[in-house]
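Taken in order, these protein sequences are the chains called A and B. Following the working numbering, the numbering of the first sequence begins with 1 at its first residue and continues without gaps. Following the working numbering, the numbering of the second sequence begins with 1 at its first residue and continues without gaps.
Don't take every hint at face value.
If chains are identical, the list can't say which one is meant, so a pair holds when it fits in one copy or spans any two.
[To be verified] Once the Cα atoms are required to be at most 30 Å apart in a straight line, the calculated DSS-like pairs of lysine-lysine come out as:
hint: 1; residue 1: Lys164; residue 2: Lys303
hint: 2; residue 1: Lys64; residue 2: Lys303
hint: 3; residue 1: Lys104; residue 2: Lys234
hint: 4; residue 1: Lys27; residue 2: Lys164
hint: 5; residue 1: Lys383; residue 2: Lys27
hint: 6; residue 1: Lys383; residue 2: Lys450
hint: 7; residue 1: Lys47; residue 2: Lys227
hint: 8; residue 1: Lys450; residue 2: Lys107
hint: 9; residue 1: Lys383; residue 2: Lys164
hint: 10; residue 1: Lys338; residue 2: Lys164
hint: 11; residue 1: Lys328; residue 2: Lys267
Hints were generated in silico from the structure; no laboratory data involved.
Chain by chain, the residues:
2 protein chains.
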Amino acid sequence: MKKIFSLTLLFLTLHSFANPDSLFIRKIYDEALVSGQCYENLRSLCKDIGARITGSAEAKMAIKWGHDLLESYGFDNVYLQEIKVPHWERGTTEAGWIMNESGKLSKLNILALGGSVGTEGLLEGEIVLVESVSDLEKVGKENIKGKIVFFNKPFDQTQINTFKAYGACVDQRWDGATKAALYEAKAVIIRSLAQSTDDHAHTGSMHYEEGVIQIPAAAISTVDADKLTEWLSKGKVFVKMEMDCRYYADEISYNVIAEMTGHEDDKIITFGGHLDSWDIGEGAHDDGAGIVHSIEAIRLLKKLNYYNNHTLRCVLFMNEENGNFGGKSYAEIASENKEQHICAIESDRGGFLPIGFDIQGTPAQVEMVQQFRDLLFDFELYKFEPGYSGVDIRPLMQHYPDMLQLGMVINSQEYFDYHHAETDVFESVNKRELELGSAAMAAIIYLMDKTL
Amino acid sequence: MKKIFSLTLLFLTLHSFANPDSLFIRKIYDEALVSGQCYENLRSLCKDIGARITGSAEAKMAIKWGHDLLESYGFDNVYLQEIKVPHWERGTTEAGWIMNESGKLSKLNILALGGSVGTEGLLEGEIVLVESVSDLEKVGKENIKGKIVFFNKPFDQTQINTFKAYGACVDQRWDGATKAALYEAKAVIIRSLAQSTDDHAHTGSMHYEEGVIQIPAAAISTVDADKLTEWLSKGKVFVKMEMDCRYYADEISYNVIAEMTGHEDDKIITFGGHLDSWDIGEGAHDDGAGIVHSIEAIRLLKKLNYYNNHTLRCVLFMNEENGNFGGKSYAEIASENKEQHICAIESDRGGFLPIGFDIQGTPAQVEMVQQFRDLLFDFELYKFEPGYSGVDIRPLMQHYPDMLQLGMVINSQEYFDYHHAETDVFESVNKRELELGSAAMAAIIYLMDKTL
Chain A
1 MKKIFSLTLL FLTLHSFANP DSLFIRKIYD EALVSGQCYE NLRSLCKDIG
51 ARITGSAEAK MAIKWGHDLL ESYGFDNVYL QEIKVPHWER GTTEAGWIMN
101 ESGKLSKLNI LALGGSVGTE GLLEGEIVLV ESVSDLEKVG KENIKGKIVF
151 FNKPFDQTQI NTFKAYGACV DQRWDGATKA ALYEAKAVII RSLAQSTDDH
201 AHTGSMHYEE GVIQIPAAAI STVDADKLTE WLSKGKVFVK MEMDCRYYAD
251 EISYNVIAEM TGHEDDKIIT FGGHLDSWDI GEGAHDDGAG IVHSIEAIRL
301 LKKLNYYNNH TLRCVLFMNE ENGNFGGKSY AEIASENKEQ HICAIESDRG
351 GFLPIGFDIQ GTPAQVEMVQ QFRDLLFDFE LYKFEPGYSG VDIRPLMQHY
401 PDMLQLGMVI NSQEYFDYHH AETDVFESVN KRELELGSAA MAAIIYLMDK
451 TL
Chain B
1 MKKIFSLTLL FLTLHSFANP DSLFIRKIYD EALVSGQCYE NLRSLCKDIG
51 ARITGSAEAK MAIKWGHDLL ESYGFDNVYL QEIKVPHWER GTTEAGWIMN
101 ESGKLSKLNI LALGGSVGTE GLLEGEIVLV ESVSDLEKVG KENIKGKIVF
151 FNKPFDQTQI NTFKAYGACV DQRWDGATKA ALYEAKAVII RSLAQSTDDH
201 AHTGSMHYEE GVIQIPAAAI STVDADKLTE WLSKGKVFVK MEMDCRYYAD
251 EISYNVIAEM TGHEDDKIIT FGGHLDSWDI GEGAHDDGAG IVHSIEAIRL
301 LKKLNYYNNH TLRCVLFMNE ENGNFGGKSY AEIASENKEQ HICAIESDRG
351 GFLPIGFDIQ GTPAQVEMVQ QFRDLLFDFE LYKFEPGYSG VDIRPLMQHY
401 PDMLQLGMVI NSQEYFDYHH AETDVFESVN KRELELGSAA MAAIIYLMDK
451 TL
């Protein structure tokens with residue numbers, strides 16, 4: 001009996017020595033799940049700060065919040081990186097009504113798209129349904145001129161990965177106003193880029209192109225879009241709407257950065273999410289989750305006394321939502337300073353269950369990451385496929401084309417119920433799923449630091 | 001250009017012919033995600049029926065609900081299978097208070113465990129903390145006799161799969177009263193088997209053993225358990241509690257069954273979940289989800305005109321929660337009727353994101369199922385490991401030891417926030433995740449029917 005016990009012990013000991021990575025990652029998960037701080041950090045970011053669009057008072061407070069929190073953990077360097085950002089505000093008026101030919105009236109809950117111009121008073125007009133941006137030509141200028149275009153492309157529900165459904169209709173939000181203006185439309189209303197049929201409108205970034213008249217653009221909920229479609233099937237529909245959203249002068253803002261200095265060299269592994277959010281809800285999933293994932297990841301590695309080879313740099317990027325000047329400036333400054341960037345990792349797909357990492361790199365880099373598949377399977381991470389990394393870190397690749405980039409893959413099924421909507425609040429995030437995201441991020445940083 | 005197009009078409013055509021399984025499963029998912037009925041079926045089961053403990057009026061109505069719904073889909077055989085079931089009721093009184101030595105009083109929200117005897121009026125006594133069932137001996141009869149045992153074993157948060165955490169402390173619910181009675185305790189209070197720290201008590205089955213005095217047993221929320229622990233750290237704590245729960249005479253009830261008759265033979269593939277639930281909440285995740293997964297799976301296969309080799313039998317089992325007489329009787333009747341059972345599949349782990357199937361079978365059977373790993377990876381199903389099938393179908397294996405059994409694996413992170421608690425309501429289920437579960441079930445039934 002004693003002999004068996006000793007043999008078992010010997011085996012376990014050998015086994016342990018054979019899998020130091022597995023043992024260390026187990027410690028990361030234990031700390032994250034038992035004594036994790038990311039959930040309470042997210043509560044604070046959502047409740048003490050709230051929605052924090054670039055240029056707002058809340059965004060300024062979020063910078064202080066992030067800086068103070070990272071300082072409290074005692075990292076080697078905690079600092080602000082100055083950047084220039086746009087400043088757009090929704091304003092105080094946002095109201096819409098639809099009417100049919102008999103004069104029947106109904107409230108239309110409009111939500112200005114981020115970056116839209118205002119209506120300059122009450123804007124009135126007939127609505128013309130255009131199923132998608134690519135249908136503008138088919139509908140023709142004669143039917144669009146002087147009217148308000150309603151783009152109604154819905155999510156393709158058959159996509160298993162909901163980001164694909166989003167990608168297939170995001171042009172109506174980003175490009176719809178500019179494209180409709182070319183057909184002389186007066187304004188644009190879009191069906192929200194949302195997964196479910198509900199009452200919440202979803203905002204998000206749009207842009208104007210040089211030389212094209214700037215017309216107002218707003219989103220309506222999927223329920224309202226269905227109602228509007230039904231009204232339009234029965235005859236003419238007119239809208240009255242007013243929005244006083246506008247741009248102010250550009251401002252100075254900051255990325256917030258904390259580091260664990262490399263013990264072996266100055267090469268840098270960047271990881272982060274974005275600190276700004278849209279101006280409704282609390283930016284809990286987008287991207288409060290990515291912020292607390294990243295802060296927790298570096299806290300976990302420090303707490304476990306990890307001896308890092310390269311410099312581990314946690315970045316809370318500003319202004320991802322409407323301009324990405326945080327990400328672009330970070331990349332430019334890195335290049336100017338001749339920093340050596342070997343890897344960047346982003347979390348910007350919500351606080352739901354993490355399932356793996358999308359790999360943006362060469363086939364050899366993809367293979368290098370995939371070697372850890374078996375190791376990470378025990379932690380229910382299984383997806384390690386070539387894919388997109390993230391908006392904030394993507395500009396680095398222009399300056400460092402040989403670097404590896406990773407985007408944390410997260411169960412996407414519920415994400416577009418909350419994305420850019422008033423529903424994206426702290427209560428929609430599950431504690432354990434958030435903690436697993438933090439641990440997954442710390443684990444991949446550890447593996448990349450050891451391997452690269 | 002035209003040549004390239006023709007070659008592409010040829011390639012696609014060949015590719016399609018090479019993967020008929022993949023194409024058919026794609027159709028299953030399309031139908032489930034675009035025209036699925038499981039979500040509205042679950043709404044009806046939760047809202048039109050509600051909680052449906054075995055023996056209740058709601059359980060009787062749920063049988064009619066299931067039978068009518070399956071008949072409306074026009075399957076070959078829809079019938080009720082008579083079984084004998086226990087009948088336990090919570091009663092109308094469930095109240096508790098704690099007091100310290102200074103007479104400070106606080107409400108204790110107790111929830112009788114399923115199967116507990118009542119208190120026969122107000123039961124009073126001093127509480128003794130016992131960390132887990134295995135600690136009874138250490139605490140000793142001298143400290144337990146005449147007192148009320150408080151079992152306080154929490155979930156091990158480091159378990160990635162939360163069912164392992166549940167399994168490690170379920171004995172305090174199932175066995176606590178019997179074991180504590182052997183030490184002459186007067187009653188038992190347990191810390192709820194719950195993942196999160198919140199205000200909801202979780203019920204669940206307990207049992208008494210022949211020849212041991214039957215003492216009352218109740219659960220309290222994790223928040224109350226922490227409060228009680230804190231009070232106990234400061235001095236003696238006394239409880240007053242009353243519950244009038246009790247057993248009534250056994251009753252006749254039914255499993256509800258629908259079939260698609262096999263075209264090639266009489267061999268049977270059974271799949272299902274359980275129709276009964278506990279008597280609080282709405283039994284949405286446990287196991288309304290499994291019920292509508294199973295009904296939708298057979299509806300999808302019929303809708304797509306699937307030509308099934310074996311008989312596909314959808315079973316809505318009664319009485320899984322407190323006795324499993326549905327599952328046991330189903331197995332006995334199958335054996336008596338000399339039916340040929342080759343495979344059984346169960347969904348009883350909630351309506352969250354499906355991630356794979358646990359395989360209960362021989363190594364050859366495990367390998368057979370695992371051959372579909374790559375095919376199902378496109379649908380984000382990746383876990384196909386040896387494991388446990390399900391409570392309802394497990395008894396079949398006593399009669400058919402060579403059969404294959406599968407248990408649908410579902411993201412477990414949130415399950416024990418809802419399990420057996422008043423929070424387990426329709427609103428806690430996401431439409432798409434539920435639909436993906438139905439499609440996954442239909443896909444695996446299809447693959448097993450083709451392969452076995």
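Index of numbered hints that the structure contradicts, given in increasing order: Numbers 8, 10, in rising order.
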